[in-house]
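> Sequence:
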Amino acid sequence: MLFPEGILHSDWFAVLATFVAINTLMYGALAIAKILPKVHPGDWVRTRNQRSETRSIHPDAPAVNEATDFLKNRR
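So the sequence shown is residues 1 to 75, counted in my numbering.
Don't read these hints as lab results, they were simulated from the structure. Fair warning: there could be bad hints in the mix.
[Said to hold, decoys possible] Simulated restraints on C-beta separations:
| # | residue 1 | residue 2 | range |
| --- | --- | --- | --- |
| 1 | 18 | 41 | 30 to 38 angstroms |
| 2 | 26 | 60 | 27 to 35 angstroms |
| 3 | 4 | 38 | 34 to 42 angstroms |
| 4 | 5 | 39 | 44 to 52 angstroms |
| 5 | 8 | 45 | 46 to 54 angstroms |
| 6 | 34 | 14 | 47 to 55 angstroms |
| 7 | 1 | 42 | 32 to 40 angstroms |
| 8 | 36 | 60 | 31 to 39 angstroms |
| 9 | 28 | 58 | 23 to 31 angstroms |
Only a predicted model underlies this, so the values are computations on that prediction, with no experimental measurement involved. C-beta: ideal position from N, C-alpha, C; glycine also.
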């Protein structure tokens, strides 16, 4: 669709074009964020409610926070 030059240089058309551009960027960012895996920052930081030693019936089993510690398992 072709518009006359007067419409393309009007203020309301510039506002509309800016809104459409921002809306498109936000839609793209949300689509990419939905594709990526979820980030759980709580897995990276030890909290007070995690045990430092196991209470399992298997005494050689690693503690819960050692088995799920993201930073230690990366090395």
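> At the C-beta level, are residue 5 and residue 39 separated by a distance inside 44 to 52 angstroms?
Holds, since residue 5 and residue 39 (Cβ atoms, about 48 angstroms apart) stay within the stated range.
> Taking 27 to 35 angstroms as the stated bounds, is the beta-carbon spacing between residue 26 and residue 60 within them?
Violated - the Cβ-Cβ distance for residue 26 and residue 60, about 51 angstroms, lies outside 27 to 35 angstroms.
> Quick check on a hinted range of 23 to 31 angstroms for residue 28 and residue 58, using CB atoms only.
violated, 48 angstroms
> Could you tell me whether the CB distance from residue 4 to residue 38 stays inside 34 to 42 angstroms?
Hint violated: Cβ distance 49 angstroms, outside 34 to 42 angstroms.
> I want to verify a distance hint. Is the separation of the beta carbons of residue 1 and residue 42 within 32 to 40 angstroms?
Check failed, 51 angstroms falls outside 32 to 40 angstroms.
> Is 47 to 55 angstroms a correct range for the gap between the Cβ atoms of residue 34 and residue 14?
Distance hint for residue 34, residue 14 is violated at roughly 31 angstroms.
> Does the Cβ distance between residue 36 and residue 60 fall inside 31 to 39 angstroms?
For residue 60 against residue 36, whose Cβ atoms are near 36 angstroms apart, the range 31 to 39 angstroms holds.
> How does the Cβ-Cβ distance of residue 18 and residue 41 compare with 30 to 38 angstroms: does it lie in that range?
Taking Cβ atoms as reference, residue 18 and residue 41 lie about 34 angstroms apart, which means the hint holds.
> Using the C-beta atoms of residue 8 and residue 45, is the stated range 46 to 54 angstroms upheld?
holds, 53 angstroms
Violation of the numbered hints given earlier is confined to hints 2, 3, 6, 7 and 9; the remaining hints are satisfied by the structure.
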